[in-house]
Amino acid sequence: MGYIPLFLTMAGACMLFFLTVKTTMQRKLNLQKELFSKLALEHPELGLVLGQIADPDMVMEQWKKENGTAKVSSKSLELIREIRVNRLQFNQLIKKAPYNWVAKLSGYQPI
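Per our numbering, the sequence shown runs over residues 54 to 164.
There's no promise every hint is true.
Claimed, not checked - 27 Å max Cα-Cα, derived DSS-like pairs, lysine-lysine:
| no. | residue 1 | residue 2 |
| --- | --- | --- |
| 1 | Lys91 | Lys75 |
| 2 | Lys148 | Lys81 |
| 3 | Lys81 | Lys149 |
| 4 | Lys117 | Lys91 |
| 5 | Lys86 | Lys128 |
| 6 | Lys75 | Lys149 |
| 7 | Lys157 | Lys86 |
| 8 | Lys128 | Lys91 |
| 9 | Lys75 | Lys148 |
| 10 | Lys128 | Lys117 |
| 11 | Lys149 | Lys117 |
| 12 | Lys86 | Lys75 |
| 13 | Lys86 | Lys124 |
| 14 | Lys81 | Lys91 |
| 15 | Lys75 | Lys118 |
| 16 | Lys81 | Lys157 |
| 17 | Lys149 | Lys86 |
It is worth saying that the hints were derived from the structure and are not from the lab.
Sequences and hints are given; from them, build the entire structure.
Following this line, the structure appears as structure tokens:
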């Protein structure tokens with residue numbers, strides 16, 4: 054038997070780590086799309102496409118440019134805040150050492 058069980062165990066651990074990290078990254082991307090979809094449904098005048106990811110800072114600039122002095126609702130501000138936090142967490146996760154290998158192999162890019 055020798056080293057075969059050791060190699061199989063290590064390969065299994067690497068595969069489990071890869072799948073876990075990939076699932077986490079996919080959930081973050083899906084959450085980002087879901088939050089933008091909620092924002093697009095709440096404010097159709099922004100012209101956001103459902104299921105598409107955009108820059109939340111650009112959305113706020115567009116909102117201020119179109120509406121001028123009108124106040125943004127607290128629910129919309131909360132959605133934009135969640136989008137920013139989720140984007141920050143995803144981008145930080147991609148930059149960390151073992152996770153960036155999985156991101157490169159899976160083809161994930163920073164948001």
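Which hints from the list above does the structure break, by number from lowest to highest? 11 and 15
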